[in-house]
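The whole structure should be built from the sequences, with the hints applied where relevant.
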Amino acid sequence: MHRARRVLVVGIDGVRLDTLARVPTPHLDTVADSGFLAPVTVAESTPTMSGPCWATIVTGVRVTKHAVWSNDLSGHRLGVFPDFITRLARQDGRRTYVAAAWEPLVTVADGGPMFRRPTRLTHHAPAADTPQAWEDADEATVRDAVAVLTHEDPEASFVYLGAPDETAHHLGCGTAYEESVAAADHRLGRLLTALRTRPAYADEAWTVLVVTDHGHRDEGGHGGASEAERTAWLACAGPDITAGARPLRPVRHEDVAAQVYAALDRTPDSHWTLDGTAVPTLPQAVLLDMDGTLVDTEPLWLDAAREVAAAHGHTLTDEEGAGVLGRTCADTAAYLATLSPGAAADQALESDLEDTFLTAVEKGVRLRPGARDLLDRLADGNIPAALVSASPRRVVDAVLKTLGAEVFRTTVADGETDRSKPHPDPYLEAAARLHLPPGACLVVEDSPTGIAAAEAAGCRVVAVPSATPVDAAPGRMVLESLAHLTVF
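The opening residue of the sequence shown carries number 2 in the working numbering; numbering runs sequentially from there.
Worth flagging that the hints you see were computed from the coordinates, not collected in a lab. Beta carbons are placed, not taken as given, at the ideal position from N, Cα and C, and that holds for glycine. Honestly, I wouldn't trust all of these hints.
[As the list claims (entries may be wrong)] Each pair of labels, with its calculated beta carbon distance range:
#1 198 <-> 481: 34 to 42 Å
#2 360 <-> 271: 50 to 58 Å
#3 348 <-> 434: 22 to 30 Å
Right, dumping it as structure tokens:
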């Protein structure tokens, strides 16, 4: 089923990374646990101020391009390098939404607005420049954002919370600051609840990014080059990211806008000259199908099915042959029995299929292009790998002589779970043996049957079709070859 892609970016101003280790932030933890949380170092050329940092975050280009050098945005080049909200609204006709209290983000104050043209806007300026006034403004902002996110349908949204930054400026990074960070996390929780209570939520694929712009000195304040000021962070979760993923490279502020475009399946135009890219990540484990994915045994399996069918008086058509791919011996035997009324009992057909297929496999199998390199990269990166097959154990063990049993932490064969593919049981079993949630695992499959099993288990999928075409979908990448699986 098609699921509509949606993105929510929550920007929380001035939250030190080390503060997150001291302050309970259960809602941010939910996002991080479902994807990743990574430190971001503000570039040396970028002043550690809100204007330059947020401009880099929302445009996807560095300060030398957007030309926002301070909290006065005057002289900017945001018309040439607009924010992702404006690009999506003006160039693609997408519904976008911004909610923010800080005036330069959404009004003409101090050379703004940074967000040039959202299709929907919420703005509640603080009544005074005090910590409590900013808490009140954030509260009003989130109240309106919850209503919009619950009952309307923005495809890309940005919600800004400014109270932690203002509290640090006035009171330093002590108890009041930590309480403000906790309050911001509570507001994040309300935004996440708004997504989950949307009437269409089950038919949507949401990516959530939570990001801060800079840190603070202990006494409060920023703009300098200290580690405390230059250390920011990004948390990201969505259908294209496995739980607990590990970024392959350092994460940068300019990657946020690129991540938004990727989450919406929007390929950036080269003329945008973005400096950021979507963050490549490594999963906690990779679960691999065998037949048609790692080894070129699908033709052997199809020949075995044809041979057994012919022995029982039926010539398997191409269409019928497609129906046996990715299926177990038991399922295929039951299928052949319906095609050959005079055939033997299912159990006899199943035995014939297994013996015929095993004989062919024992003569030798060829690896699929890129298979050996993929297995070597998993081993070199110390990423646990599991083999999850619909073939019988005798066939799996025969193929492991070619693949090398030592490269897999565990293997699951047909008959070792209550149900086999297309049911989720084999992938659930493999994840359990690795002591990981299914959402932390990436599955590599070739057939619709196996893909259905993996997605039902809650795994992210890379499909490398062998005999049957496969469409891309949220949480599913489609590649022509394992050799193209360079990042996860």
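(message) Holds or violated: the 34 to 42 Å window for the beta-carbon distance between residue 198 and residue 481?
(response) holds, 40 Å
(message) Given a hint of 22 to 30 Å, does the C-beta separation of residue 348 and residue 434 actually sit inside it?
(response) holds, 29 Å
(request) Starting from the range 50 to 58 Å, see whether the pair residue 360 and residue 271 falls in it by beta-carbon distance. (result) Taking Cβ atoms as reference, residue 360 and residue 271 lie about 53 Å apart, which means the hint holds.
Comparing the model with each earlier hint shows no violations; every hint is respected.
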